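Student: Spelled out from the first residue to the last, the chains are:
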Amino acid sequence: MTSFLKELANEMSVTAAAEVPGAAPAPAKMAVEHLNLFYGDFQGLRDVNLTFPENQVTALIGPSGCGKSTLLKTLNRMNDLVEGCRVEGSVLLDGADAYRTLDATDLRRRVGMVFQQPNPFPMSIYDNVAFGPRSHGVRAKADLDVIVEESLRAAAIWDELKDRLKKNALGLSGGQQQRLCIARALAVQPEVLLLDESTSALDPISTAKIEELIGQLKERYTVIMVTHNMLQALRISDKTAFFLLGEVVEAGDTDTIFSAPIDPRTADYVAGRFG
Amino acid sequence: MSDGFNLRLRRPRPSVVACSPTLGALGAVNLMPACFAKEDALEAHIARSSRRRRAVSVLLRWLTYAAATVTAAVLLFVVGYILVRGVPALTPDLFQWEYTSENVSLLPALASTVIMALLALAMAVPVGVGAAIYLVEYARRGSRFVRLVRVTAETLQGIPSIIYGLFGMLFFVTACGWGLSLLSGACTLAIMVLPVIMRTTEEALMAVPDSYREGGFGLGAGRLRTVARCVLPSAVPGILGGVILALGRCVGEVAALLFTAGTVAQIPDFGGQGIFALFDSCRTLAVHMYTLACEGLHVNEAYATSVVLLILVLLLNAAMRVAAQKMEVSKK
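Just so you know, the sequences run in chain order A and B.
At position 143 of the first sequence (counting the first as 1) the number is 143 in this note's numbering, and the numbers step up by one without a gap.
At position 88 of the second sequence (counting the first as 1) the number is 88 in this note's numbering, and the numbers step up by one without a gap.
Keep in mind that the hints were calculated from the coordinates and are not lab data.
Keep in mind the model is a prediction, meaning the values are calculated, not measured.
Be aware that one or more of the hints could be misleading.
To be verified - Here are the simulated lysine-lysine pairs, DSS-like style, with alpha carbons at most 27 Å apart:
#1 B:LYS326 - A:LYS167
#2 A:LYS166 - B:LYS326
#3 A:LYS167 - A:LYS141
#4 B:LYS326 - A:LYS162
#5 A:LYS167 - A:LYS209
With the rest of the complex left out, here is chain B (with noise of 0.2 Å):
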């Protein structure tokens, strides 16, 4: 410790040795002298280290003011830039009931958006939710199967979204002769947000103390119920968080609906098909938004679609922390 510290110090050693002789020859008194004299290096050392880390701990601050500046100006450009050019183009044209190619209207498109969405999430939370359970409360901890889902799961979330769309034009599209259509689109969704869900919920539950499974087991209570009724209500947060990170992917994919829900501009048939609306061919906003774009000749409706886009996702998370509020609320 103490040599590790001399090689620290700029001080010369021999300044030590120099004053001990004329304290006298026992070792023990030696030691006196060589305690001051280390002491003093301490002193100047702590004063050159404190002044050097109050230097390096100003500019960190300032470095993370900056980051954080970064960070805000350009979420605020992105949103501004978006308003500013997509606010004027907002006209009533674009909500007509019908769309045509004369007002390019975004109202089967928000329409679209929010069934499919739905309708994914509708698939893969009771799914990801049920998965999470049984890895967590159920699997024997550390197991070679819960590690191969775990690490399934952290590779499917890295994959880009257009495989998710290949996939599901090969296999709902042709092999389940479903074609391009609400109903693909939203499976292929649903498989894309899965792991989203699984490993959110999974971190929410493991973060659930054992103290409430102790007590839950202690009363002689079933693990289902334990399950259900101790560790799931606090670990509701952590779950809508999941539903919330993975509502935000489905409303925003393009790539992997292109390929399994089509661009047809229309609000799926539910009241003239029933069920079989499902079939229905469909284009999300984020697809339409894209359509707009390459199309080269709406650019403006193009950024007012985007507008209408960050209102629904901003009402979409509202609404998601407003229910789990009334969860929080209705527990206290």
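Just chain A, with the same shape it has in the complex (with noise of 0.2 Å):
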């Protein structure tokens, strides 16, 4: 079925290819599917069904409490942490079920996540970068020499950071200690990065240089980010999703979401006009 549709895309592709470039749907890396989340009484999220193409940055916005960022934790399970979180529904990893078939830390491992603020543990840069990798059995120095050099470059952050490996992470700036978690996420190789608002506690030079680094990573990694700036949506993101009360109101292309949505609360949203 699935080829099928891939032919088919293909196929249109070779045609529409002059007016609309990389309209081929990409596959998708992660999905949902009517995703109920309950924290006791209260329904977190309601009936979501979402796609998340590979190799593509997708944007989740929508106002404060509507459910994003908690969507966000259930893709890589860190809603286990919480107490009376309840997940229905099913979440997808290249078609494998994230909470019956996968191993929690393992997709932990493949699905890697920037958190809002930026958390780097207070040892030196070099074992932050090597705390992933170590806590997944990589020993040998000489491979972990080569797995925090190339993350750190992966991140933008090699040349600040290469004369400095063995000092402390914390004396670091807001926008490198990010640039770091970044980074030490990046570490253990994962298939796709979750980005909290990972840039909502920065000052715009270090948010800009992270969105640069944004559009690199999705070469080579599926990149899912909240946002709470939809100009930034607006530059980063290839696909939207908005979000209201627990619900996906519309999703699709960017510029759709943004230049002609559908539904009229999407509209009054990305107008400005409430959230």
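From these two lone chains plus the hints, build me the complex, please.
Tutor: Here it is, written out as structure tokens:
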């Protein structure tokens, strides 16, 4: 079925490529189907259906408390740590059920996360990046050296930090800390990267650097980000999903959502009329 | 809001009403002078209350100075008094290897104190820290079991030490058949300081931000690794604080040890008996001091002992602090 769709898409893209470059639907890396989530009696997510295409940036937007961060935490099972949290429906990573067939620690290695506040561990920069690989059994110093350098390079912070790898990570500026956290997440070679408002605690220059970085990261990773900043979503995302009160109001190509939304609530939100 | 404000005004309300008719009958206009009058009143009120507040704040500042001075003075007086009485009595006789009723040497007691305290901590620290890690990191937060353990620990912390001594005597000395011994004493002390260590470790762990845990789990690390590498290192200074507190209680304890370790003034003979020296009776410095003071014949030597005890506690604290700093530095 999917292969048939791919072929169809390929054929279509041959004809449509001239007008709409990259219009071929990318295969879904992650998907959620009929997802309902409860915190005790409170229902945080209502029947969410979304697909996250591979090597694209998907932005989740919506007013505070609409469930977008909750969804993000469901994707790598960080919600398991929240008491009284119950998940119904399915979360799929490459078609495998994240809650029934995959192991939570393995899932979290494959689906990395960067949080709102930079949270480097109180240890050296090197040890921060090496923490993940060490957790997964990489012991050899030579291997770790390579991983640390590559991860810091991928997070575009190697040149700034290469001379102070043994220094405590807490001495870095907020923007550097956040890029270190991205490097730390990349060090375990994830397939998907979740960004939970990862620039909201940063100054404009650091934000610009991280946005540029995200643009590069999607070459190799599937990126899903929560943002309060609609201009940011417009700048760097390929797909956008708009949330309201735990429901997906509208999801689709970012350009469409911002320029020609179908639902009037989406139009109001992206025009800044509420939220 | 404004009613509550008006009630506190000293200026009588009619003054506001009195000036309003002169300006017209319109309600809207009426509001204006009312506001002005209120503002005057407000200024007067602020001036009055700020004068009062200044006076109160000066008074409070002097009270805190006084409290700080009294505290420091009491401490200095106690330490000074002990030093004045004790230092002249510090003679080479007091540091003889063997205790006799002639030299009342404190050296055996000094050695016993160190051994006893280390033994008690060696038992209490792993259990206390482990229990705290379970309660904070593994148990469901706020579960009934956690609350029960917490309440129990708090209750145990408040129990007078002589009751621990009584328990130690009935259980370790009699029921276990260990007699008045180093082991009985150390076990009793361990039980006594266990809640202290557990509670301080718990507080230290709870003070570690959740973001460290999220970071660890988010990278696919298991719970054990997350706790051991991300959470515990940040909690070490707090845990060491608890250990210092526990050490102080061990070194200063008399009541519990009289019943469980006895008063024999000998160094436990690990050289001759090996591990069986654990069953030797011994007296710690605090017990030594107590017996000297009770006998009434060697009061000055008791003061000398307390000088040594004071120095020992200071040295142990300093050593712990250095250890804590070493750990901090190695993290950087």
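Student: All the hints need checking, so say for each whether the structure fits it.
Tutor: Hints, one by one, checked against the model:
A hinted pair counts as satisfied when its Cα atoms are at most 27 Å apart, and LYS326 (chain B) with LYS167 (chain A) qualifies at roughly 16 Å. Restraint check: the Cα-Cα separation between LYS166 (chain A) and LYS326 (chain B) comes to about 16 Å, which is no more than 27 Å; the hinted pair holds. Distance check on the hinted pair: LYS167 (chain A) and LYS141 (chain A) sit about 18 Å apart at the alpha-carbon level, within 27 Å; holds. Annotation: proposed proximity of LYS326 (chain B) to LYS162 (chain A) holds, straight-line Cα distance about 25 Å (limit 27 Å).
Only pairs whose Cα atoms come within 27 Å are accepted, and LYS167 (chain A) paired with LYS209 (chain A) is accepted, the gap being roughly 22 Å.
Checked against the numbered hints given earlier, this structure breaks none of them.
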